[in-house]
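Engineer: Sequence:
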Amino acid sequence: MRTQLTFTALCLLVACDAPAATDAGASPDAHFEVTPRADGDRSPASAACDVVDPGRCLLPWPSNTFTVRDEGTATGLRLAVGAESLNPRDDASSLAHADGFSRVSPLLALFERPLDEATLEAGVHLHLAQHDHPDRGAEVPLRIEVLTIASGETLVLADPRQVLEANADYVVVITDALRAADGEPLEAPAGTRAALGLTPPRSAEEAAAAGYHAPTRRLLETLDVDAAGVLRAWDFTTRSAGDPRAPLEHMRRAAIEAVDDGRATVEIDRVEIPDDPAIALVAYGDLVGLPTFLDEAHAIVRDASGTPVELGRTAAPFRVLIPAGDGDYPYVMYGHGTGGNERDGAFDTELGAEGLAKVGVRLYGWTDDEVILTFTSLQRAFAGSLGAASYLVEALAHAAAIDAAMAGPIADALAAETLVGAPNPAAGRRPDRTLRMWVGGSLGGTTGIVYGAADPEVEHAVVNVPGAAWSQWVWHSETFDIIYDLLSLRYEDDVDLALALSIAQTNLDLADGASWTEALAEHPTAFLLQESMGDPILPNPGTEIAAVAVGARHVGGVLEPIVGVSPADEVVGGSGLTQFRVPAGDRFAVHGFAARDTPAGVAAREQMLAFVRSVRAGAAVIAPPPSCPTRCDFTE
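Take the sequence shown: its position 195, counted from the start at 1, is 269 in this note's numbering, and no numbers get skipped.
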């Protein structure tokens with residue numbers, strides 16, 4: 075077990091005190107002054123390890139112990155996390171850009187022995203603790219599980235089932251209602267007892283914790299929770315609303331400016347004339363001259379203020395399907411799934427038959443040529459997650475530029491008399507940008523939520539099996555199983571690996587739809603979400619919190635209730651989710667059901683096209699598919 079191996083190194087960063095005294099080394103006769111912290115004072119007791127959970131450093135997570143004061147941020151804090159105790163080869167410097175903790179981060183605490191899982195719900199709680207909030211003390215619903223390793227040590231993982239408020243203080247409380255697997259009671263660590271004022275502090279660190287947690291003790295009194303029955307209690311502050319969104323907002327503006335000022339140009343490389351009568355042509359090309367902000371490790375480079383730094387110019391590939399017919403044509407932006415690319419031909423015929431063009435874009439780092447390297451990079455969870463998220467942020471910025479160019483240089487190229495030296499069957503026809511919509515599934519749906527939220531003019535989106543809160547579900551994905559052995563080589567045990575992936579949500583926030591709830595409240599986008607029950611690739615918790623994040627209603631038969639999502643017969647002008655259950659098969663038969671020629675696939679496409687037609691008719695309506703008007707369970 076590694077507890078304080080790198081304390082000296084981290085102290086250089088966070089200016090913390092000496093290591094906490096152990097039970098053997100503490101002096102019962104020593105006196106340590108306790109200065110109670112006032113409500114609203116966020117000055118943290120910064121340290122490399124938190125005395126309330128002695129299991130190992132960086133637990134419990136998230137904890138304000140792993141922050142430093144920074145008056146220049148919206149929260150007054152900044153993360154200070156040392157990666158060395160988990161993986162000495164990793165680089166946690168990117169975490170210092172965050173002004174608080176992810177609003178969808180799992181909550182983690184370690185116990186020395188196996189736990190009775192039947193007591194988790196009674197024992198583990200999360201409360202809003204913001205001192206000036208009218209709902210102070212409100213409890214947040216959690217999804218709770220455990221991870222037990224060979225030593226018997228057991229990690230509690232509790233996922234918030236809603237997006238936490240931005241720039242707000244929260245307190246995690248684990249009470250003695252949680253029991254060991256053998257039924258025996260559990261004991262609070264000495265540091266927790268000192269922090270809760272139950273015993274005198276025996277070290278400067280315990281005294282600092284006792285002073286810092288004065289507001290925690292007051293909250294427990296308000297909640298009528300007996301401190302003597304508390305096994306763990308700690309607090310954390312969520313990052314501000316704009317903090318994780320700022321990189322994409324900046325990069326998106328820069329990419330669009332490159333189109334508007336003429337620096338970006340278009341090159342059409344290839345044209346296909348399909349046999350499909352619904353399709354006039356398919357053009358492949360690049361938007362050349364877009365800014366790139368990624369270094370050789372594919373990470374966004376930021377200056378001292380956190381602003382992305384332009385490092386050069388690059389090209390963004392695209393694929394445009396133009397429908398058969400006369401006159402101008404509306405179009406949808408299209409995002410491919412993991413392991414796909416912009417050449418994905420899914421839904422070509424259906425969209426072409428509707429008279430819709432389809433603009434496919436590349437989601438960098440997640441294509442057939444790149445995704446294995448992206449997964450491999452997660453051996454260093456912090457650096458790898460930054461690269462994985464940075465890739466997607468730049469891809470979405472470039473997609474916005476391609477979208478803008480559909481009213482400029484791409485439109486001009488596609489309307490020309492000739493394309494790549496041959497007569498153009500769509501000459502004179504131009505894109506019509508009155509329909510602003512994203513369509514995508516899996517990764518394309520996950521990024522579609524971000525794309526729709528980031529652009530106030532994108533008012534509609536179809537997102538099949540999307541996800542949010544990456545770290546809440548990735549651990550359970552069969553895709554993760556493929557790379558588990560590779561990742562576990564870099565971590566001492568599964569506790570360290572789970573902790574690293576949970577901390578990595580800080581970086582993944584940059585490409586997570588859950589980071590955009592306030593933006594969606596300001597300019598709502600109507601999202602049609604489709605969930606596949608028992609999805610082994612993008613597990614249902616990811617789709618469910620995505621539905622909560624966009625404010626969706628539950629349309630059609632409720633196969634499994636979702637906390638925070640209420641049922642509706644149909645939704646007009648808002649977001650809705652429909653659940654589908656398909657017969658068991660290979661993993662992609664469940665995850666990719668919408669693209670298959672099965673009754674469930676037909677129903678999913680019926681619903682998509684009905685939604686698109688309603689948008690074009692002037693009123694976005696999400697209704698159950700005609701094939702399953704009451705219940706989309708195709709196993710019955």
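Since the hints were derived computationally from the structure, they do not count as laboratory data. It cannot be assumed that every hint is accurate.
Restraint ranges, calculated between C-beta atoms of paired labels, are given here [unchecked claim]:
no.	residue 1	residue 2	range
1	D115	G419	36 to 44 angstroms
2	A148	G211	17 to 25 angstroms
3	E261	R417	40 to 48 angstroms
4	E491	R417	22 to 30 angstroms
5	G336	V375	45 to 53 angstroms
6	G482	G316	25 to 33 angstroms
7	L297	L560	42 to 50 angstroms
8	D443	A196	32 to 40 angstroms
9	S701	V637	43 to 51 angstroms
10	L297	A595	52 to 60 angstroms
11	A595	V637	14 to 22 angstroms
12	A595	G211	48 to 56 angstroms
13	E186	T704	18 to 26 angstroms
14	G419	P208	47 to 55 angstroms
Ideal Cβ placement from N, Cα and C applies to all residues, glycine included.
Engineer: Okay, S701 versus V637 on CB: inside 43 to 51 angstroms?
Structural biologist: violated (28 angstroms)
Engineer: Using the beta carbons of G482 and G316, state whether their distance is inside 25 to 33 angstroms or not.
Structural biologist: This hint holds: roughly 29 angstroms between Cβ atoms.
Engineer: Would you say the C-beta atoms of L297 and L560 sit inside 42 to 50 angstroms of each other?
Structural biologist: holds (44 angstroms)
Engineer: If you check the beta carbons of A595 and G211, does the distance land in 48 to 56 angstroms?
Structural biologist: 24 angstroms Cβ-Cβ, so the 48 to 56 angstroms window is violated.
Engineer: Taking 36 to 44 angstroms as the hint, is the beta-carbon distance of D115 and G419 inside that range?
Structural biologist: violated (58 angstroms)
Engineer: Can you let me know if the beta-carbon spacing of E491 and R417 is within 22 to 30 angstroms?
Structural biologist: 26 angstroms Cβ-Cβ, so the 22 to 30 angstroms window holds.
Engineer: That 14 to 22 angstroms hint for A595 and V637 (C-beta), does it hold up?
Structural biologist: Check passed, 19 angstroms falls within 14 to 22 angstroms.
Engineer: Are G419 and P208 spaced within 47 to 55 angstroms by their CB atoms?
Structural biologist: holds (52 angstroms)
Engineer: Indicate whether the distance between the beta carbons of E186 and T704 respects the range 18 to 26 angstroms.
Structural biologist: violated (50 angstroms)
Engineer: So the hint says 45 to 53 angstroms: do the beta-carbon atoms of G336 and V375 match that?
Structural biologist: The hint (45 to 53 angstroms, Cβ to Cβ) is violated, given that G336 and V375 are roughly 26 angstroms apart.
Engineer: Looking only at beta-carbon atoms, does the pair D443, A196 fall within the given range of 32 to 40 angstroms?
Structural biologist: The hinted range 32 to 40 angstroms is violated for D443 and A196, with Cβ atoms some 49 angstroms apart.
Engineer: Would you say the C-beta atoms of A148 and G211 sit inside 17 to 25 angstroms of each other?
Structural biologist: holds (24 angstroms)
The structure shown violates the earlier hints numbered 1, 3, 5, 8, 9, 10, 12, 13.
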